[in-house]
Amino acid sequence: MSAEPVAQEQVTHEQVRSSPAAGGARVRVCGVRHHGPGSARAVLAALESLQPDVVLLEGPADADPLVALAGAADMEPPVALLAHVTGEPRTSAFWPFAVFSPEWQALRWAVLHGVPVRFCDLPAAAVLAMRDDGSGTGEPEGAESGGAEPGPGREDGEPPRGDGEEHGDDGPRDGAAPGTAELLRADPLAALAAAAGYDDPERWWDDVVESRLDAPAPFDVITDAMAAVREHAPALPAAEEERETRREAHMRQVLRAVLKEGAQRVAVVCGAWHAPALSGKLPPAAADARTLRGLPRRRVSLTWVPWTHSRLAAASGYGAGVDSPGWYHHLFTSPDEPVTRWLIAVAGVLRAEDLPVSTASVIEAVRLADALAVMRGRPLAGLAEVTEATRAVLCEGDESALHLVTRRLVVGEALGRVPAETPAVPLDSDLRATAKALRLKLDPLERTLELDLRKDTDLARSRLLHRLALLGVDWGRAAASLTRSTGTFRETWQLVWRPELAVDVIEASVWGTTVEAAATARAVERAGEATLPQLTALVERCLLAGLPQALPPVLRALDVRAAADADVEHLMTALPPLVRAHRYSDVRRTGSGDLAQVADALLVRVCAALPAAVVSLDDDAARDLRRAVDAVHEAVGLWEDPRGSRLWSATLAGLVAVEPGRQGPPGLLAGRIVRLLRDSGDLPAAEAARRLGFTLSRGTPAPAAAGWVEGFLGSGGGTVLVHDEDLLALLDAWVCSLPEREFTDVLPLLRRTFGGFAAPERRALGDALRRGSGARRGEGRSAGVDEERAAPALRTAAMLLGVPA
Amino acid sequence: MTPNPAAPSPGAPGASPAAADGGAGTTGLLRPHAEQQFAAELAALAASDDRPRPPAWRLSPAAVVTYLLGGTLPDGTVVTPKYVGPRRLVEVAVATLATDRALLLLGVPGTAKTWVSEHLAAAVCGRSTLVVQGTSGTAEEAVRYGWNYARLLAEGPSPAALVPSPVMVAMREAQVARIEELTRIPSDVQDALITVLSEKSLPVPELGVEVQAAKGFNVIATANDRDRGVNELSSALRRRFNTVVLPLPGTPEEEVQIVVRRVEQLGSALELPEVPAALEEIRRVVTVFRELRSGSTLDGRTALKTPSGTLSTAEAISVVTHGLALSAHFGDGVLRASDIAAGIVGSVVKDPVADRAVWVEYLEAVAREREGWADFYRACREVTG
Chain A
1 MSAEPVAQEQ VTHEQVRSSP AAGGARVRVC GVRHHGPGSA RAVLAALESL
51 QPDVVLLEGP ADADPLVALA GAADMEPPVA LLAHVTGEPR TSAFWPFAVF
101 SPEWQALRWA VLHGVPVRFC DLPAAAVLAM RDDGSGTGEP EGAESGGAEP
151 GPGREDGEPP RGDGEEHGDD GPRDGAAPGT AELLRADPLA ALAAAAGYDD
201 PERWWDDVVE SRLDAPAPFD VITDAMAAVR EHAPALPAAE EERETRREAH
251 MRQVLRAVLK EGAQRVAVVC GAWHAPALSG KLPPAAADAR TLRGLPRRRV
301 SLTWVPWTHS RLAAASGYGA GVDSPGWYHH LFTSPDEPVT RWLIAVAGVL
351 RAEDLPVSTA SVIEAVRLAD ALAVMRGRPL AGLAEVTEAT RAVLCEGDES
401 ALHLVTRRLV VGEALGRVPA ETPAVPLDSD LRATAKALRL KLDPLERTLE
451 LDLRKDTDLA RSRLLHRLAL LGVDWGRAAA SLTRSTGTFR ETWQLVWRPE
501 LAVDVIEASV WGTTVEAAAT ARAVERAGEA TLPQLTALVE RCLLAGLPQA
551 LPPVLRALDV RAAADADVEH LMTALPPLVR AHRYSDVRRT GSGDLAQVAD
601 ALLVRVCAAL PAAVVSLDDD AARDLRRAVD AVHEAVGLWE DPRGSRLWSA
651 TLAGLVAVEP GRQGPPGLLA GRIVRLLRDS GDLPAAEAAR RLGFTLSRGT
701 PAPAAAGWVE GFLGSGGGTV LVHDEDLLAL LDAWVCSLPE REFTDVLPLL
751 RRTFGGFAAP ERRALGDALR RGSGARRGEG RSAGVDEERA APALRTAAML
801 LGVPA
Chain B
1 MTPNPAAPSP GAPGASPAAA DGGAGTTGLL RPHAEQQFAA ELAALAASDD
51 RPRPPAWRLS PAAVVTYLLG GTLPDGTVVT PKYVGPRRLV EVAVATLATD
101 RALLLLGVPG TAKTWVSEHL AAAVCGRSTL VVQGTSGTAE EAVRYGWNYA
151 RLLAEGPSPA ALVPSPVMVA MREAQVARIE ELTRIPSDVQ DALITVLSEK
201 SLPVPELGVE VQAAKGFNVI ATANDRDRGV NELSSALRRR FNTVVLPLPG
251 TPEEEVQIVV RRVEQLGSAL ELPEVPAALE EIRRVVTVFR ELRSGSTLDG
301 RTALKTPSGT LSTAEAISVV THGLALSAHF GDGVLRASDI AAGIVGSVVK
351 DPVADRAVWV EYLEAVARER EGWADFYRAC REVTG
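Read top to bottom, the protein sequences are chains A and B. Using UniProt numbering, you'd call the opening residue of the first sequence number 1 and step up by one each time. Using UniProt numbering, you'd call the opening residue of the second sequence number 1 and step up by one each time.
Just so you know, these hints were derived from the structure itself, not from any lab. Quick reminder that beta carbons are idealized off the backbone N, C-alpha and C, glycines included. Heads up, none of these hints are tricks.
Some chain A residues close to chain B (C-beta under 7 Å, calculated; not the full set):
#	residue
1	Leu368
2	Leu372
3	Met375
4	Ala392
5	Val393
6	Glu396
7	Asp559
8	Val560
9	Ala563
10	Val604
11	Arg605
12	Ala608
13	Ala612
Kindly generate the complete structure, drawing on both the sequences and the hints.
Written out as C-alpha cells, the structure reads:
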C-alpha cells in the first residue's frame, strides 16, 4: 500500500502539530464523502496501514453501546442507526449505512479486529433536543441535519447526495443560496469541482476519488482542499453556525479524551468538511468545553433498524440521498473491470426479462462507454457513460427496458437485516403504546373483537388493525360479523399475537417510526406497482386505516392508471368502490375531497369510453358489461352529484339512441339501459313501451329480442315488476296485443326471462296480473258495451240517483 | 443478386458526383447541402481542432459535437447550433461513429432525424450526399450495386459497367453513407446491409472481386419509430446499430417558438393573405398537442390517454397554417378557436372509434374546465359532435 509513506509523513506532521498532551500519538483524519465507495476503499486501506488502537467515527456519541452489534453475524447492511426520543417515536433521526459507506467499513473493520470504536459527534440526545428547541415539535419525523452522518449533507463537505436525511432543515438554506458565496458554503465541493473545470461536482468527486481503485489515499489533499474552502466559506445563519461549532467541539473533545486515555494511533473517519477542524494541533480544550456547556438533552433510545437501498436513493423522494446505491455497491464490491462487469450484469437483467442480449452487444456497449469516457475526458467510464451505452446498445433505445435496469441494478433494491438481540424499534414501542392506550392486549390466545365504529375507541382500534394489516403485521384478521349487522359501522376481528409478528414489526420498521407513518409509507409504496382494481382496493384500505396522508398519492396513482387503462370494464369496476368510499368516509371522519375528484374523473373516462365498448360484444361480454353498467348506475345514484348523474344519463341515452346505420349495443344491454333510463325518469314510459314493442316486433331476431327483454326486466326484476304496475301493464298490454302466431313464437323467450324469477315473485306476479287484468278486462268490455241491453239498467240507476237519464 | 432488366431501376441516386465543393456558388440553390451552407464553420473548426481525429475524419469527435450544438471557437468564430436538444444524445451519436459502429437515429416524424444525420455526415467526412432514400420500392441495387445495362450487354460484366450504390462509394472512399427511413425498405433489401456492417465488405461475384471498406466508412440510418411495424428490423440487423432516440421538443416555449417561426415561413411561401398569427391560439394548439402526446396535463395533475396519431410539431404547424388559411379566406381575418377546431380534431382523431373517445375525454376532463378555453371547447364540441 503506497499510503505508508504518506502516513509516515503524517506522523511527523502530526507530531509537530499535536498538542503536548497527545505525546507523540498519531492521529489520522480521513475526510470522507458519506456513502462513497471510493472513500470506503481508501478508509480501509488507511486503517490497514495505520493499525489504529482507537477508531473515531462521525456518529451520535450515545450510540457507542450499539457498536458491538455491528459485528453480529446476522447484521446485514443497509441498516441505519435510529434515535428517537423515548416515548415519542415521531421525534427521531436516522444515520443510514450501506456496505459501501466508509463509516460502515471502518466500523466493521474495528469490530472484527477488536479495536474500540467511539462515535464522536454530538449525542443524539442533544441533537433531538436541539431540534425540539429550534423548530418546535410540529416538524415531521426525519433525521436532524445536524446529526452526524445524516446531517452532513451539503454544508458538510459532501456532494449534495452525501447522505440520507429525511427532511433535514437545510432545505431552506439551500433554497436561499443564490449567490456564489452561499453556494460555496452550501456545497463546497461544487466550488472545488468548478475550480477543476467540472460542471457537475458529483462527476468531479467520482473522477478524483470514487472511481480510483488502487491509487494512494487522498485524505491529506482533501483535508488541505477543505481547509481552503472553509477559509472562504460564507458564514451560516447564527443558529446553524452554533450547531456546527458544537458538533466540531464535541468531536475534538472526544478526540482529546481518547488521546488522554493513552491511545497511540487514532483513526478519525468523518465528513470531509470536518477534516480540517480535527487535523493538526487541537485548540485549547477550555473553549470547546465552554461551547458544549449547557447543551439541551432529552432521554432518547437508540437502535439499529433494517434499511433499504431505495430509501438511500433520491428516487424515493428522500431528498438528499445517493441516487445510485446499486452502482456504488457494484463499484465497492467488484474486484476489477467495473464497467465490463456492470454491463454484463445489465445484460443478465435484460435476459431475465426475455430481451435478447448477445455477448457481442455487451462488447459493443463496453466500447461505446469507453469511447464516451474518452470524449468527455474522464479517466474511467462512470454511471452516465454506462447508462448511455446501455440505452444505445443493449436496450436499443427502449426507455422502458432502461427503467427496468435502473430499478433492478442502479438502485438495486436490497433490504438490510439486524440481529434479533437489537433493542426494540420505535415502531414496536409505538405499536405497544397505542395498543395499551386502546386497551388491546398483545395476547397469543385468539379472541374475537366486535367494534362499533361510532365509538371513538373502537374507531381507533379499527384503524390500528387496518394499518397493521397494510404493514403486513397480521395481528388481526377481519372476520364475518357475528351479528351480521347491515350498517357500515360494525367490524369484527379475530386477534392472535403470534411471537413471529415481532419480526414482522422489525421488518415493517423500515417504513417509519410510528404505525401511522409506516402504514402511510407502505401504502404509497404499494400504489406504485398496483393494478387498477388493486388500487381501488388500496384506496378503501387507506380510508379504513385512516391514512389521509397516503390518500393523495394513491389517488394520483389511480388516476394515472385509469388514464392508461383502455379497458372500460376495469374503469367501471373501479368506480363503485370509490363512490362507496366517498360515502362512508363521512362515517369514518376522513376527508375525501380528492376522492370525489378522482371518482369524477373516472366517471368522465367511463362515459367517454363506453360508446366504443358496447358494440360487437358476445353474450358473455354483454352480460359482464351489463353488470358493470348496473354497478356504475347504482354508484352514480348513491353519489348524488348532479353533474355526474347528468353526464351518466346522457351517455346512457346516447347509447340507445336510434341512429340509422349505427350498430347499437347488444339486446341485453340495450334493454337494461332503456329500463335504467325509464326508472330514472330520463325516458318517458310511453317511449320505453314503444321500444319494448319495437324490439319484440317481428323484425328483430328472436335471440336479440329475448336478450332485450331479459335486460329490460333485469335479474331479480320480478319484484320490481310486482311493485311497478305501469311496467306490468306495459308488458301485459303488449303480450295481449300479440297475434296468436307471434305469441307462440315469443313464449319461449318470455318463459326464459320469467323462469329466472323466484317462485314467490312469480306467484305475486300472477296475483297482480289476475287483479290487474280484472280491472282491465272491465275497461276492455266497456269498449264493447251493448247499449241496448244496458239501457234499462242505466235508466233505473238514474232514477234512483234522481238525475235525468 | 439477380439483375432484372425489367425492374424499374431507381438508379443510384448518390452516385452522381457530389458537387461538395464545386466552384459554383450556392446562392441560386433552393436548398444547399449542409457542407456547402456551413463550409466556413467547418473550415474554422478544422483549423482550430487540435485533438486526435479518428482515421479519415475531418474533425475530432469533440469538434463534431461543437459543430452540431454550436459554440464559439478560440479564434472568435461563432458556430451556430444545428440541433437544439440534449447534449448527451449528440455525444452518444458521435462516439458511436467513432467506434465504427453504425448509428440508428430513431424518433417520431418531425424530430430532426434527417437533419442531424446530414450534419453528422457533413462534419465527419465533409460529404452528406451519399444517401439511400428508403421506400417500399427500394431495391437491392440501391444498397449494393447495379449495372449499366447497355454496357453490360455490349461488353459483358466489367468494372466499367458496374454502377456503385452510395454505400459502395462510401466504403471505397472512407465516407459516411446515409440511409433514410430504414424501416420502409423491404426486409430482404435491409438484409443486404448485414454483410456490409459486419464484414465491412461488399462482394461482386460477377466480377470475382469485393470492395472492402476503407477506415472511416460508416453508416447513419434514420427510422421512424411509429413505423416500427412496417418493416421491423431483424434483430441481426438491429444489433449492428447503436440506437439514439431523438425526443420531441423539451419545453412548451421551445415548441411554440418552433411553430411560430415555421408558420410565418410557410405563410409567406404559400402567399396566404396576412393574418396575424395569434400567439394565444398557437400556444393552445401546442398545449393540446403536448398534453395528448405526453398523456398528462402540463401541470401534471391529470393523466390522459394518448391518441394513435403522432401529434408531432410538424402537425401542429399544419393545424395553425390551415387555421390561418380558413380565417383569411372565410373568417374575419383573425385566427379564432373555430378556425383551429376542425384542423385539430382532424389531426387528433385518426381512428374514428378509439381516438374519438380519447378526444372527448380530453375535451370533457381538461378543455371544459380550463379557464379561458370556453370558446375552444364549444368549437371543438361542435366539430366533434
